[in-house]
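Peer 1: Those protein sequences? They're chains X and Y, same order as listed.
Residue 4 is where the first sequence starts when you use the numbering used here, and the numbers rise one by one after that.
Residue 40 is where the second sequence starts when you use the numbering used here, and the numbers rise one by one after that.
To be clear, the hints were calculated from the coordinates, so they are not data collected in a lab.
This structure is a prediction, so every number in the text was calculated from the model and none was measured.
Note that CB positions come from ideal geometry on N, CA and C, so glycine has one too.
Fair warning: there could be bad hints in the mix.
[Claimed, not checked] Among the chain Y residues that face chain X by a calculated CB cut under 7 Å, a handful are:
| id | residue |
| --- | --- |
| 1 | A130 |
| 2 | Y131 |
| 3 | R135 |
| 4 | P136 |
| 5 | D227 |
| 6 | S242 |
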Amino acid sequence: MITMENVCKSYKVAKRNAGFGEACKALFHRSYEEIQALNDVSFTIHDGEMVGYIGPNGAGKSSTIKILSGILTPDSGTCIIDGRIPWKTRMEHVRQIGVVFGQRSQLWWDIPVIDSFELLKEIYSVSTLRYKNKLEELSELLQLQELLKTPTRQLSLGQRMRCEIAASLLHEPRLLFLDEPTIGLDAVSKLAVRDFIKKLNQEQKTTVILTTHDMQDIEAIAERVILIGKGKILLDGTLTDLREASAMQEESAGNSANLDQVVANLYRKMNIM
Amino acid sequence: MKKYYLFFKLRFAAGVQYRMASITALTTQLIWGLMECLVYKVIAETYGEYLPMNYTSIVAYIWLKEAFLVLFNTWNTDKDIFGMIMNGDVAYELCRPFSVYSMWFSRSVGGRISEALLRCFPVLLCAFLMPKPYKMSLPVSGGAFGLFLLTTILGMGITVAFCTLVYMLCFFTISPKGWKMVLVGAVDFLSGNIIPLPFFPASVLKIVEWLPFAYMQNVPFRIYCGDMVGEEMFLAVFKQVFWLIVLIGLGVLLWKRVENRIVVQGG
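Let the hints inform the model, and build the full structure from the sequences given.
Peer 2: In C-alpha cells, the structure reads:
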C-alpha cells in the first residue's frame with residue numbers, strides 16, 4: 004500500500020533573459036526562482052491497483068514518481084510504501100520496485116541487451132532459475148527474442164522501450180512505476196505494451212502507477228485516474244468522473260467528445276495549463 | 040561482493056573491446072617515454088652529481104609512469120558518470136539496491152585495472168628491451184618489489200577515491216569542466232606525473248608532501264627504483280593508508296549530502 008500525505012517539493016531554478024549581456028550579468032548575479040513542483044499532495048493506492056497519473060507538462064508527475072521510487076527527498080510531508088519511507092530506506096525499497104523512465108535508458112549502450120539483463124540479475128541477486136523463467140516469459144510477451152542479442156545502440160526507440168520494461172521486471176517487483184512508457188512508440192508496440200501491463204496487473208497483482216500524455220493509454224489501462232496540475236491533486240476518481248468534471252459547465256463537450264478533448268477541456272477549466 | 044566483481048568484469052570486457060585504441064596508446068607512450076629519457080639524459084650528463092635521483096632510477100620511474108599511466112592519472116575520469124550527472128540518467132543508478140558511491144568506486148577501479156593490464160605488459164616489455172642507458176631496470180630487491188605492488192594498489196585507491204570525490208562535487212556544479220581543468224593541471228603536477236617529486240625545490244616539496252597527491256604514483260615508483268627506502272618508505276605507506284581512509288570517508292560523507300538534495304536534470 005502506498006500512502007502519500009501532504010508532500011511538498013520545490014526546486015530552485017536559475018532564470019535569466021536571452022542575450023549575451025544577460026549571460027554575462029548572470030556570471031555575477033544569479034536570480035533564482037522557487038518552483039513549487041508538488042504542493043500538498045496526498046493520495047492512497049492499494050495493492051494491486053492500476054492508477055493513471057495525468058496532468059499537463061510540468062505538473063509534477065515525474066517528481067511524484069521520483070519521490071515514490073526514493074530518488075528525491077521531499078521538502079515536507081510523509082510517504083509510506085509497504086511500511087517503508089522510500090528516501091530513508093532507499094536500498095531496501097528499490098528491491099521491491101521496478102521503474103521505467105520513458106526518456107532515459109538503463110541498458111548499457113554498447114553491449115547486447117542480454118548482457119545488461121545479466122548484470123541486473125546479479126544486481127538484484129535473482130536466482131538463475133527464476134531469472135531464466137522470467138526472461139522466457141517476458142521475451143514471449145514483449146516479443147524480445149530477436150532483440151536480446153542486439154547492442155542497445157542499434158535498437159529503435161520502440162524496441163528499446165520494450166527491453167527497458169522487461170529490464171525493470173526481471174527482479175519481479177511488487178510495484179511498477181512507469182513514467183511515460185509509451186513515448187514515441189508505434190501503434191503495434193503501444194498495443195503490446197498496454198496489453199502486457201494489463202496482464203501483469205491481472206495475473207501477478209502488481210501495483211502499477213503510470214504517467215502518460217496519451218489518453219488512450221489511460222482508457223485502455225487505468226481503472227483509476229489521478230489528475231495533478233500545478234503541483235496539486237485536482238481529481239481522484241474513475242474515467243467517468245473525469246468526463247463529468249469536464250462536461251459540468253460546457254454541454255458541448257459531453258460524452259461524445261473524445262478523451263483528449265475531455266482532458267484538454269478540463270485543463271483549461273481548472274486553469275492549470 | 041560478487042556484484043562489485045561483476046562491474047569490474049563488465050568494464051574489463053568493454054576495455055578489451057577497443058583494440059586499436061590500445062595499440063595507438065602504446066605507441067604514444069613508448070615515444071613519450073623515450074623522449075623523456077633523452078631529456079633527462081642531457082640533464083644528467085650536465086648536472087650529474089647535483090640531481091636528486093640517479094639516472095637509472097629516473098629511467099625506471101619514467102617507464103613505470105608510462106606503463107601504469109591509466110592507473111594513476113586523475114584526468115582519466117569516467118565520462119559516462121559525468122554524463123549521468125549532467126543529463127539526469129543518475130536517476131536509474133539511484134533505483135538500484137546499491138550505494139552509488141561504492142558502485143562508482145568499483146566501476147572506476149575496474150576500468151583502471153582492466154586498461155592497465157592491457158597496456159602495462161607491452162610497455163614494460165619494450166622498456167626492458169631498450170638499449171643500455173634507456174633500459175628499464177629490475178626492482179632493487181624482492182622486498183621492494185612486494186612493497187611496490189602493495190603501494191601501487193594503495194596509490195590507485197587514493198586516485199580513485201579522489202576522482203569519486205570529484206564526481207560527487209559535480210552534483211553541486213553540474214558541469215565537470217572546471218574540475219577537469221584543475222585535475223589536468225595542478226594534480227598532474229603535484230602527483231609527480233610531469234616531473235618526479237624529488238626534483239621539486241625542498242621548500243615546495245615540504246608543502247606537496249602534506250597533500251594526498253604525493254601518495255599516488257610517487258610512492259610505488261620510487262620504492263621500485265630504490266629512491267625511497269627505510270623510514271621514509273614506511274612512513275609513506277602509513278600516509279597512503281591515512282589518505283585512502285580520509286578520501287573515501289569524505290566521499291561517502293559528501294554522497295550522503297548529495298543523496299538528500301539530489302536534483303535529476305532533464306525532468
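Peer 1: Would you mind marking each hint as holding or not holding in the structure?
Peer 2: Verification of the hints:
1. A130: 6 Å, holds
2. Y131: 4 Å, holds
3. R135: 6 Å, holds
4. P136: Hint holds; Y:P136 Cβ to chain X Cβ min 5 Å, cut 7 Å.
5. D227: 28 Å, violated
6. S242: This interface hint is violated because 37 Å lies over the 7 Å limit.
The structure fails to meet hints 5 and 6 from the earlier list, while all remaining hints are met.
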